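J.: Work out the full structure, taking the sequences as your base and the hints as a guide.
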Amino acid sequence: MQTLRKIPGVSTITIGSGQSKPVIRGLGFNRVSVVQNGIKHEAQQWGNDHGLEIDQYAVEDVQIIKGPASLLYGSDAIGGVIDIRPPQTPAKNTFSGDINLTGETNNELIGVSSSIVARNENWYYRARVTYRDYADYKVPTDRVLYDNYVFELADNRIRNTAGNETNFGLTFGFIGERFKAETSLSNMNGNNGFFANAHGLEVRSSSIDYDASFRDVDLPFHEVNHFKWIQNFQFFRPNSTLQIDFGFQNNERTEQSEPVPHGFMPKPTSSSERVFSKNTYTLNLHNSLENRGVHELSFGFNGEIQNNRIGGWGFLIPSFKRFTAGIFAFDHIRLSEYLHLQGGLRYDIGRVTTDSYVDWFQTPVENSLGILEFQNLQRASDEDLSFGSYSGSVGMSYLKDRTALKFNLGKSFRIPLANELASDGVNYHMYRFERGQLDLEAEESYQFDFEWNQSGEILNFGFSPFVNYFTNFIYLNPTADYYETLQVYAYQQAEVLRYGGEVSFGLTINRSLSLDSSVEYVYAEQLEGPKKGFTLPFNPPLSSLFSLSKSFETGELFRNIRLITDYRITAAQNRIVPPEEKTPGYQLFNLSFLSELNLSNNAEPINLRFKINNLFNTKYFDHTSFYRLIDVPEPARNFSLSITYNF
Amino acid sequence: MKSYNQWSLLLLGFFALALVSCTETEIDEEKPTITVNYSGGFPQTCENLSRGQSYTIKAKVADNLELASYSIEMHHNFDHHTHDDQEDPCELEPITTAVNPFNFSTNNNVPEGLTNFEIEAVVTIPTTIDTGDYHLALSVTDVTGWQARTSVDVKIVE
Numbered sequence: 000m001q002t003l004r005k006i007p008g009v010s011t012i013t014i015g016s017g018q019s020k021p022v023i024r025g026l027g028f029n030r031v032s033v034v035q036n037g038i039k040h041e042a043q044q045w046g047n048d049h050g051l052e053i054d055q056y057a058v059e060d061v062q063i064i065k066g067p068a069s070l071l072y073g074s075d076a077i078g079g080v081i082d083i084r085p086p087q088t089p090a091k092n093t094f095s096g097d098i099n100l101t102g103e104t105n106n107e108l109i110g111v112s113s114s115i116v117a118r119n120e121n122w123y124y125r126a127r128v129t130y131r132d133y134a135d136y137k138v139p140t141d142r143v144l145y146d147n148y149v150f151e152l153a154d155n156r157i158r159n160t161a162g163n164e165t166n167f168g169l170t171f172g173f174i175g176e177r178f179k180a181e182t183s184l185s186n187m188n189g190n191n192g193f194f195a196n197a198h199g200l201e202v203r204s205s206s207i208d209y210d211a212s213f214r215d216v217d218l219p220f221h222e223v224n225h226f227k228w229i230q231n232f233q234f235f236r237p238n239s240t241l242q243i244d245f246g247f248q249n250n251e252r253t254e255q256s257e258p259v260p261h262g263f264m265p266k267p268t269s270s271s272e273r274v275f276s277k278n279t280y281t282l283n284l285h286n287s288l289e290n291r292g293v294h295e296l297s298f299g300f301n302g303e304i305q306n307n308r309i310g311g312w313g314f315l316i317p318s319f320k321r322f323t324a325g326i327f328a329f330d331h332i333r334l335s336e337y338l339h340l341q342g343g344l345r346y347d348i349g350r351v352t353t354d355s356y357v358d359w360f361q362t363p364v365e366n367s368l369g370i371l372e373f374q375n376l377q378r379a380s381d382e383d384l385s386f387g388s389y390s391g392s393v394g395m396s397y398l399k400d401r402t403a404l405k406f407n408l409g410k411s412f413r414i415p416l417a418n419e420l421a422s423d424g425v426n427y428h429m430y431r432f433e434r435g436q437l438d439l440e441a442e443e444s445y446q447f448d449f450e451w452n453q454s455g456e457i458l459n460f461g462f463s464p465f466v467n468y469f470t471n472f473i474y475l476n477p478t479a480d481y482y483e484t485l486q487v488y489a490y491q492q493a494e495v496l497r498y499g500g501e502v503s504f505g506l507t508i509n510r511s512l513s514l515d516s517s518v519e520y521v522y523a524e525q526l527e528g529p530k531k532g533f534t535l536p537f538n539p540p541l542s543s544l545f546s547l548s549k550s551f552e553t554g555e556l557f558r559n560i561r562l563i564t565d566y567r568i569t570a571a572q573n574r575i576v577p578p579e580e581k582t583p584g585y586q587l588f589n590l591s592f593l594s595e596l597n598l599s600n601n602a603e604p605i606n607l608r609f610k611i612n613n614l615f616n617t618k619y620f621d622h623t624s625f626y627r628l629i630d631v632p633e634p635a636r637n638f639s640l641s642i643t644y645n646f
Numbered sequence: 000m001k002s003y004n005q006w007s008l009l010l011l012g013f014f015a016l017a018l019v020s021c022t023e024t025e026i027d028e029e030k031p032t033i034t035v036n037y038s039g040g041f042p043q044t045c046e047n048l049s050r051g052q053s054y055t056i057k058a059k060v061a062d063n064l065e066l067a068s069y070s071i072e073m074h075h076n077f078d079h080h081t082h083d084d085q086e087d088p089c090e091l092e093p094i095t096t097a098v099n100p101f102n103f104s105t106n107n108n109v110p111e112g113l114t115n116f117e118i119e120a121v122v123t124i125p126t127t128i129d130t131g132d133y134h135l136a137l138s139v140t141d142v143t144g145w146q147a148r149t150s151v152d153v154k155i156v157e
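From first to last, the protein sequence lines are chains R and L. The first sequence begins at 0 in numbering that gives the first Met the number 0 and counts up by one. The second sequence begins at 0 in numbering that gives the first Met the number 0 and counts up by one.
Hints are computed from structural coordinates only; laboratory data are not their basis. This structure is a prediction, so every number in the text was calculated from the model and none was measured. One or more hints might be untrue.
The calculated BS3-like cross-link candidates involving lysine-lysine, where the alpha carbons are at most 27 Å apart (straight line), are [unchecked claim]:
#1 R/266 <-> L/30
#2 R/581 <-> L/59
#3 R/549 <-> R/610
#4 L/30 <-> R/618
#5 L/30 <-> R/531
#6 R/581 <-> R/618
#7 L/30 <-> R/581
#8 R/531 <-> R/610
#9 L/57 <-> L/154
#10 L/30 <-> L/59
#11 L/30 <-> L/57
#12 L/59 <-> L/154
#13 R/91 <-> R/179
T.: Set out below in structure tokens:
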């Protein structure tokens, strides 16, 4: 996901070197939908320490929607969509494949990924295997200062952030003149260690000898396994296409940490702190009708059932089931050759049912007679909550020659998550007490987008501002109160105004030299509530990227040589909200060298990509990194080499 | 080049909007502070607390705007799971297993309207609990929701 960062307006929340998840214009977590082959990826994306469980080698074609897109994607697409499209169907009677080797110096990563693709007349298949293994990553400092504590780092390493990832994917399908069917099966398995000196925000010392090996994964760590089965059908008729997508996903995530007593909780007997087990079933129907080349009418249905179970000694959210269903209609009207009009309406219903949960240990509570009694406290109750919401959008686009102009006004929504509704426990990882609110309403957001792109032989220009208004943004508010000596964070809703956008500018200096630049900015302000005047958490700072690309005359051995220098200037983020820290600005250089190695005229060339990230080993902080909260800087200089052989 | 002028106008408008927003309402960006490191502050790091005795925990808290609540927690550190943030490190005893460890926790509001306050809380060490390394954690919030924390290693002795 990190490669998406070069797109203006798109960034990532990183958790160490092995995990990240997308942020679009400052919104992430459950406010960005990640869709793969038409099915929304469903995992524990609300978690601070969760990364996206998708094999990045299997991603070939990504469409990014910056802004609310509930109309077509339903709840959660309130901040935007990362739509991972299926790879192209291979040509008839072909067999091909690739093998990729990657090595990185900073976290001593080794990665290997290989795929094969084949098709006869109508049948085809695609298979991929990926394995990655990495050590603790290095930062350009030998000590971390956090909350008056000093952590000395051995060999500049962020202790216990090693990990590994093993992925399998198999797709087979049939393509005919009027029918296409595709079955995709994939499994992603990852183990990631968490920084050992602070478990989340809590400072910890341990008898584990973390520095004995930089490659092993000790406690605390998490293991995640994501299995996905996607079934796509397409029926083609003259002037009509029907698409049916079915998905089944199983996500198993276990957080393991050294058991310690806390408050009235005695020392647990196992290291299974939290276990999340989730099954998601999805069904999407989408029919598009073409009418004399003027109207293109689409309508459809999305339905999803989730079953979330919990385990482990740490309680944060109860087990819950969630059902959502929506219907939509969308029309694309060609008013003239250049001027198009789009608009649509949607209605969704949602139902969340939570299970009660009672502590496994006893807490002394004063009863009505003033006598201390030992009780197993109830943290969550059986609840049945219903939601309903309209969404819609109207837009206009003008596309002529080298000019593209787009306006869009849309309304999106998001059904509250179980943790927002029914949390009532200690989040040990964040060292705080989190309290949900059962009467939260579905979040609603209105957004106005404008986009202007002008492309030319020498100059390219893009300008895409937006204004976004949430009537009731759900926000985890740090209160002034304590519960059993931990600060209480309570979910609340507040009006929020956000605006910003991106400006990009490209200059083709000559046939071999070009310069691309972009600036992105997001302003966010809570307009009411206990944090009135404050921004939202993880709001990205003003940032710009300059990219100079030079290609060279090709030689015999090395062909299509391209050298790219990226220069990022990011301003300080001084607009923060508790418990965040202000983040100073930084400047960063990355260097890439791309080429094809032509060993033999009879064989396909080998693709080489050599990169140096953080060229000058700059110590800087990323405001949207999970480890920013404990003052851990971003990774030190990294050399990476990637070799791809296509056959 | 006419259309370029229109772009720059739009750009100017966009940044003007961004600038206008900078004249915002005053918000509280300062965390409270907490310290036991003063004469009269109690306990100091590595302090010995005797079983059967009562002690008054004393810490100074301050905030630029208004203090809200504080919490005090004491739990055993027999497994060395955590350590304090005071300047002189406290030598910990060998790791042991807890049998009947002492647990103490309390939280309270700071009286309204104060920017400076001295926490005073009485803790009585029971005679039957395990002796050894303990950890005292103190924290304070301000009305905005900012929190400051500090911690002290102490020992409970006979």
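J.: Which of the listed hints are broken here?
T.: 1, 8
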